[in-house]
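S.K.: For reference, the chains in residue letters:
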Amino acid sequence: MLAPDDLAEHERAAVETELRTLADDQFVAAERYIDWQVRGPTLEADIAVANIAQDEYGHARLWYDLLERLGYEEAELLWERPPDAFRHATLLELDYAPGDWADCVLRGYLYDTFEKLHLESLEGTSYPPIADRLEKVQGEEAYHREHTQSWLDRLTEGGEVPAAPREGGEAARNASDEPVRRLQAALDRLYPHALTLFEPTEAEQSILETGVRTRSLADLREDWLAVTTPFLEGLGLTVPEPSLPDVRGRDGSHTDDWESLYDELTYTYELLGREPAKLMAPPDEVEG
Amino acid sequence: MSDPLEVDEPRYCGYTEYVDGPEAEELPNTGAGATGIEGAVWDAVASVEDPEMPVSVVELGLVYGVGVTETDGRTEATVRMTLTYTGCPAREMLTGDVREAAASVDGVDAARVELVWSPPWNLSMVSETGRESLREFGVSI
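Chains as they are written, first to last, in this note's numbering: chain A, 1 to 288; chain B, 289 to 429.
Hints are computed from structural coordinates only; laboratory data are not their basis.
Treat the hints with care, since some could be wrong.
Interface residues of chain B toward chain A, partial, derived using beta-carbon atoms under 8 angstroms [stated by the list, open to error]:
1) Thr372
2) Tyr373
3) Thr374
4) Gly375
5) Cys376
6) Trp405
Quick reminder that beta carbons are idealized off the backbone N, C-alpha and C, glycines included.
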């Protein structure tokens, strides 16, 4: 087991990089989820997404907490961190076309499925502080998967795409094709970015050798494909051929959407002249 | 791969390192039977309520343990607690209130709160008194 207070240089790099990708993924996912506040298709959906975002912020906070224990301050980790130092997958930073609920639930499904596998691969971690908080995170993630899966089932009526026009003619057929059409468009757009979830960082070898994570991202990708492909096909969608976008996320290269999101989320901090909030308790009084 | 929705055997975290306080405790813990300064700290912490509902954090089962140590004549109290969910927005407020409550006890020179996440809090950790308070408030539990 790795001792948090006594990490060798390469161990520290492995722990830190894995924590950053974990934390950044969650944080950016939450930031995009809240684009839907007051804009959800139903009140229930709006509240559900707010809840999911709150969970993701909570999870991000748990991982950033561990980075703080390694000596970083919150501002270094987020508000004053250059945008190209963030390690999240590009899937999570993409903007939504207005009203594109299909994108929201599909993106959620693709990410949540990855997260489940990722967290499971951390269960046997050699870094105890990560193991310590996994179960809490996993319990909350289960609700996220329920949400996205049930929406996807609902939108595609359990996956039955009519083979022939129904009674009622063209209009009826088109009505039930619409969700599938939108989901397919979202899938085509999101899929390459979803594959950046599995892009290794420069510390990937180290992360595996030190046992911080027990399975490689390449292996997780295989598992993810084995789960998502039949599920998406079962909904009546065509899974695109694997391909990657020009930007890879985990190496610091991101889309323009990330630049905009980053500017948005750091706006107030910058406006206040980078002054820390006056009401914060001194860090040494609260351990988290 | 097991689905977290299916609960079979509990998986216990293999890592426990407590600087202060007992090695392990039975949960939920309400400090029943604690005496002296430790008992006083439990009493003080029990007065801290959830910000949204009129129920004590101790009755909610959020306080996993209290430890009191003496070093060079200095008495330090440590409260080990968790939160109902990871995204709890009252985190700073609750941990601050608990720390202040512990520090207010006669004989305590310094207090700290250790925020822990294992084992994960769940509804079964709410005490009977806590359940009554919640029901009175309108939460069905």
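S.K.: Hey, does the B/Cys376 contact hint survive, CB to chain A under 8 angstroms?
M.R.: holds, 7 angstroms
S.K.: With a cut-off of 8 angstroms on the beta carbons, see whether B/Thr372 makes it to chain A.
M.R.: violated, 10 angstroms
S.K.: Close enough to count: is the Cβ of B/Thr374 nearer than 8 angstroms to one in chain A?
M.R.: With a closest approach of 3 angstroms, the B/Thr374 hint holds.
S.K.: So, B/Gly375 near chain A? Judge it on the closest CB pair being under 8 angstroms.
M.R.: Hint holds; B/Gly375 Cβ to chain A Cβ min 3 angstroms, cut 8 angstroms.
S.K.: Is the interface hint satisfied for B/Trp405? The criterion is a beta-carbon contact with chain A at less than 8 angstroms.
M.R.: At about 4 angstroms, which falls below the 8 angstroms cut-off, the nearest Cβ of chain A leaves the hint on B/Trp405 intact, so it holds.
S.K.: Does B/Tyr373 meet its interface restraint, that is, does its C-beta lie within less than 8 angstroms of any C-beta in chain A?
M.R.: OK, holds: B/Tyr373 within 8 angstroms of chain A, min 6 angstroms.
In this structure, the one hint that does not hold is number 1.
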